[in-house]
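Trainee: One letter stands for each residue in the lines below.
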Amino acid sequence: MMSFSQPDAFSPSQFTSSQNAAADSTTPSKSRGASSTMPLTVKQISEAQQSGITGEKGAPFVVDGVETANVRLVGLVSGKTERNTDVSFTIDDGTGRLDFIRWVNDGADSAETAAVQNGMYVSVIGSLKGLQERKRATAFAIRPVTDYNEVTLHFIQCVRMHLENTKSQIGSPAKTYSAMGSSSSNGFSEMTTPTSVKSNPAPVLSVTNGSKTDLNTEVLNVFREPANVESEHGVHIDEIVKRFRLPEAKIKVAIDYLADIGHIYSTIDESHYKSAFNE
Amino acid sequence: YLEDRIRRSGSLFSASGLCGEPADATLASEESMFSVGMVICDGEGHLNEKSILLQGSVEHSRGQHVRLDLKDVDRFSLFPGQVVGIQGHNPSGHCFVVSKLNDSIPNFVDAQLPRAKKQAVDSEGNQSSDVVSRVLSSVIAAGPYTTSDNLLFEPLQELISYASRKQPQLLILMGPFIDSDHPEIKKGAVDKSFQDIFLFEILRKLQDFTQYLGHNVRVILIPSVRDAHHDFVFPQPAFDLNLPEDITHQITCLANPSLFSCNEIHFGCCTMDILKHLSGEEISRKPPGEKHGDRIGRICTHILKQQSYYPLYPPPAGVPLDFSLANGALEIASAPDVLLLPSDLAPFVKVLSLDESSEEPKRFICMNPGRLAKGIGGGTFVELNYNEDTDKTSASLIRI
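Quick note, the sequences are listed as chains P and H, same order. Residue numbers are given in the numbering used here: position 194 of the first sequence equals residue 194, and the series is strictly consecutive. Residue numbers are given in the numbering used here: position 233 of the second sequence equals residue 233, and the series is strictly consecutive.
Note that these hints are calculated values from the structure, not bench results. Ideal Cβ placement from N, Cα and C applies to all residues, glycine included. One thing to keep in mind: the hints can contain errors.
[Unchecked claim] Examples of chain H residues lying across from chain P (beta carbon under 7 Å, computed):
#1 S279
#2 R295
#3 R298
#4 D344
Please model the entire structure based on the sequences and the hints provided.
Mentor: Spelled out as structure tokens, the structure:
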């Protein structure tokens with residue numbers, strides 16, 4: 001049975017008053033006091049816009065029409081650099097990369113950052129900063145992920161949050177943002193007005209309409225996934241069949257077509273294929 | 001090398017008379033102009049329609065690049081490193097709006113020689129080809145020559161048995177012979193040197209084969225960068241074999257890439273997997289409603305259109321491309337009759353033409369014989385019976 005740990009269950013001592021003050025100073029009064037965190041992916045952050053006058057200092061970022069105070073990311077640490085006053089690192093969650101800085105004020109902060117190493121999965125809570133078109137974030141709390149289910153849970157939370165926010169945008173100018181998951185909810189809910197209302201939010205899951213071209217493209221995308229590109233022997237046809245839950249004959253036709261036009265090639269036998277895409 | 005390619009292509013374009021003198025595409029101008037340069041990507045990722053830049057030569061545009069807008073071009077096929085001629089204008093100085101794109105570098109002979117001289121060369125060629133009839137039977141294979149579970153070289157033995165029965169005039173074997181990707185070679189779990197394995201397991205079999213068939217057969221060996229017993233560099237020198245004198249004229253070692261002829265039939269060969277590399281980088285557009293063309297055929301023709309065995313730049317990680325050796329070695333001076341491009345991609349034999357628009361397009365055969373061994377099983381090779389031209393030629397893709 002899958003056990004869900006709580007990625008947000010940070011001990012209160014990890015949030016110092018100075019950090020909360022820092023968080024407050026960067027967000028407009030409208031969202032001050034709301035300490036609930038929003039689970040996001042780097043891609044969502046990279047597409048986020050600042051509300052208010054463009055480039056206005058301290059203007060909060062808007063994701064899916066919701067102003068974000070604090071954000072939570074789960075991803076792989078790289079490029080960790082330690083200095084006397086701060087530690088900077090990059091988080092890669094598979095959708096993109098985001099630079100973080102964690103200010104070091106006391107021994108507790110040092111201990112927290114020391115536990116984080118390159119190549120480790122971590123859960124980070126922080127606030128966003130926009131700096132000349134480039135987004136970066138200040139981290140308040142970093143914690144190594146001990147159970148990989150946390151990563152899966154985080155992405156599920158991101159999907160659910162995105163669906164909730166985009167659904168409620170249709171037909172309602174004002175929207176309620178409630179933090180999701182009992183672990184992160186603290187009873188606060190926040191009323192904000194979205195800066196842009198999308199009439200047709202993009203569906204999160206694309207459903208193939210059964211046309212051959214679509215299936216070919218979707219099968220090719222599986223082969224082009226980074227893990228499959230790096231795999232020595234590529235992907236077995238059975239894995240593709242399992243993934244799409246379609247008859248093997250249909251998948252075989254798509255694979256034969258992709259092999260004929262040179263997008264994929266067979267490796268150790270006629271059942272293992274790999275993308276010709278150069279990584 | 002890159003600068004030379006752009007400059008030489010520019011002079012070939014202007015000498016062909018089809019286009020004017022190349023201009024600087026980076027300068028703002030409302031006038032239509034013609035420019036020559038190399039396609040590059042504006043970032044580290046893969047090429048896409050928004051990231052296409054044209055890098056000019058130092059001579060014409062101080063080596064600067066300009067973004068290309070291809071919205072008015074209904075058909076193109078591009079990859080990084082490709083040298084193209086473009087017609088269009090650059091209203092802002094930041095973006096060149098392309099109206100016409102030419103991805104085929106004019107042939108050196110066509111561009112340089114006056115018409116009378118050209119005919120003389122052609123008729124001379126016809127006379128010489130009457131002396132030797134352009135007929136040739138051949139068997140063509142590419143390594144690995146042993147399955148991944150042992151170093152017994154059973155697929156090679158099968159191939160030699162087949163060739164002994166068919167008795168072709170030419171046996172072309174392309175590397176890797178001692179595959180550096182073979183599990184046992186990788187682990188270093190062999191008690192002989194790589195050179196010894198090559199000599200005893202491969203060369204000895206080939207010597208027996210040539211002795212069995214007598215003087216009617218020629219064997220050609222071409223290395224690969226995956227050969228553990230040979231120089232890891234591309235372009236790659238030929239194997240240095242000290243063969244007994246009686247068979248040196250029968251077993252010939254050639255460089256990678258190389259151009260050779262047999263019975264007046266010209267073969268071009270490159271064992272670097274350029275097809276796979278180009279397939280991973282090429283982007284294309286076709287007019288709406290048009291059926292999907294032959295993508296692999298298109299990639300093959302790029303090699304001859306670009307007059308280079310390895311027109312891709314930058315090469316993928318792991319390709320030991322040495323530009324100090326590249327200048328003459330990678331150049332395809334004249335289009336071969338048969339182009340051999342062994343690749344991990346699906347094996348094929350295709351008859352392709354270089355210029356569909358001309359009345360008599362130059363036709364050539366392009367083939368990927370596949371790998372003779374694939375994992376723990378056998379793979380494929382090609383039997384080619386060339387007969388004067390592509391129309392009467394037959395080829396079979398054979399699985400072992």
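Trainee: Compare the structure with the hints numbered earlier in the document and write down the numbers of the violated ones, lowest to highest.
Mentor: Those not satisfied come down to hint 3.
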